[in-house]
Amino acid sequence: MKKLLCLAFSLMVAVMAAGCGGDKQTAASQAAKTLRLAAAASMEKVFAQKLIPMYQQRHPEIKIEGVYDASGKLQAQIESGLAADVFISAANKQMNALSEKGYMDKSTVKPLLENKLVLIVPKSGSEIKGFEDFSKAKHPAIGDPASVPAGQYAKEALTKLGQWDGIQGKVSLGTNVTQVLNWVAEGSADAGLVYATDAKLLKDKVTVVAEAPAGSLKKPAIYPIGVLAKAPQAEVAKDFAAFLQTEEAMKIFAAYGFAQAK
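In terms of the numbering used here, the sequence shown is residues 2 to 263.
Don't read these hints as lab results, they were simulated from the structure. Be a bit skeptical, because a hint or two may be false.
[What the hints assert, rightly or not] Derived pair list, reagent style SDA-like, types lysine to any residue, alpha-carbon separation capped at 20 Å:
1) Lys34 x Leu245
2) Lys171 x Pro123
3) Lys51 x Pro123
4) Lys34 x Lys171
5) Lys94 x Pro123
[Said to hold, decoys possible] Quick list of the computed label-pair ranges, beta carbon to beta carbon:
6) Gly67 x Pro112: 31 to 37 Å
7) Lys171 x Glu236: 46 to 52 Å
8) Pro221 x Lys124: 39 to 45 Å
9) Lys102 x Glu66: 21 to 27 Å
10) Lys219 x Lys252: 25 to 31 Å
11) Gln57 x Lys220: 32 to 38 Å
12) Gln58 x His140: 40 to 46 Å
13) Glu80 x Ala215: 34 to 40 Å
14) Leu218 x Pro54: 31 to 37 Å
15) Glu66 x Pro112: 22 to 28 Å
Beta carbons: idealized from backbone N, C-alpha and C, even for Gly.
When you get a sec, could you build the whole thing from the sequences and use the hints?
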């Protein structure tokens, strides 16, 4: 009888232990959190290659998913219900629009980085030597000004320099700045306007021939960062945003061609 009682007790302890183990496993799975980052297409490499792995190594309980596209498209996705936590746009226009409509936690919106608009040509060479003769390109390319910040800056600079009308009817409009970069790299476009950071990614295939001339842009290309007002992981998002503003993160951004916003 005693043996049976001992056996029953042992079985009960084993079941309870298994149950506790299951609870711990469940708790661990619940502790894991996924943060969604919506960022300009020009930032994909620096995040995927360096910054996200670095943050996740320090916070293994956090998984970060990146959504990268033209800032205007990301704005539209957020307005349509994209459950993002952190948004980084390639211009203030998209961030300001979302803030005004209540999509952003305004207390978290800050200038993060600065970029430069540059003229690139294929590595094989081109007759285009500066912004002032951009309209001479046979197959020029820029980002679509309707949704791509680099395209908006390009239109502003070209208009100021008297080059905008000259490219109508032959200019290719990219859905994001990466597409423009690839067109020039493969030679289907003989000149393009992109960010300096994009050109740096394919420096073996494209040549930077000029930066946007002084006075051609009213304001520098600023990348603001902010946490969404209804971010599913608000606290994690604020911590990640703070990490991106550290001196350590800024050194990585600099290695990819970005400058800290002034």
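Verdict for Pro221, Lys124 (Cβ pair) under range 39 to 45 Å:
violated (28 Å)
Pro112 and Glu66 - C-beta distance against the hinted 22 to 28 Å:
For Pro112 against Glu66, whose Cβ atoms are near 25 Å apart, the range 22 to 28 Å holds.
Supplied distance hint 40 to 46 Å, evaluated on CB atoms of Gln58 and His140:
Roughly 44 Å apart at Cβ, these two residues keep to the hinted range, so it holds.
Agreement of Lys51 and Pro123 with the hint, judged by alpha carbon distance not exceeding 20 Å:
Judged against 20 Å, a Cα distance of about 27 Å means the pair is violated.
Could you check the hint for me, namely that Lys171 and Glu236 are 46 to 52 Å apart, CB to CB?
holds (50 Å)
When you take the CB atoms of Glu80 and Ala215, is the distance between them in 34 to 40 Å?
At 35 Å between Cβs, range holds.
Would the hint linking Lys94 and Pro123 be met if the CA-CA limit is 20 Å?
violated (30 Å)
Falls inside 21 to 27 Å, the C-beta gap from Lys102 to Glu66?
holds (24 Å)
Range hint 32 to 38 Å (beta carbons of Gln57 and Lys220) holds or violated:
holds (34 Å)
Does the Cβ pair Gly67, Pro112 satisfy 31 to 37 Å?
The hint (31 to 37 Å, Cβ to Cβ) is violated, given that Gly67 and Pro112 are roughly 21 Å apart.
For Lys34 and Leu245, compute the direct alpha-carbon distance and say whether it is at most 20 Å.
holds (19 Å)
Quick one, are Lys171 and Pro123 close enough, alpha carbons at most 20 Å?
With Cα atoms ~18 Å apart, Lys171 and Pro123 stay inside 20 Å; holds.
In summary, the numbered hints that this structure violates are 3, 4, 5, 6, 8.
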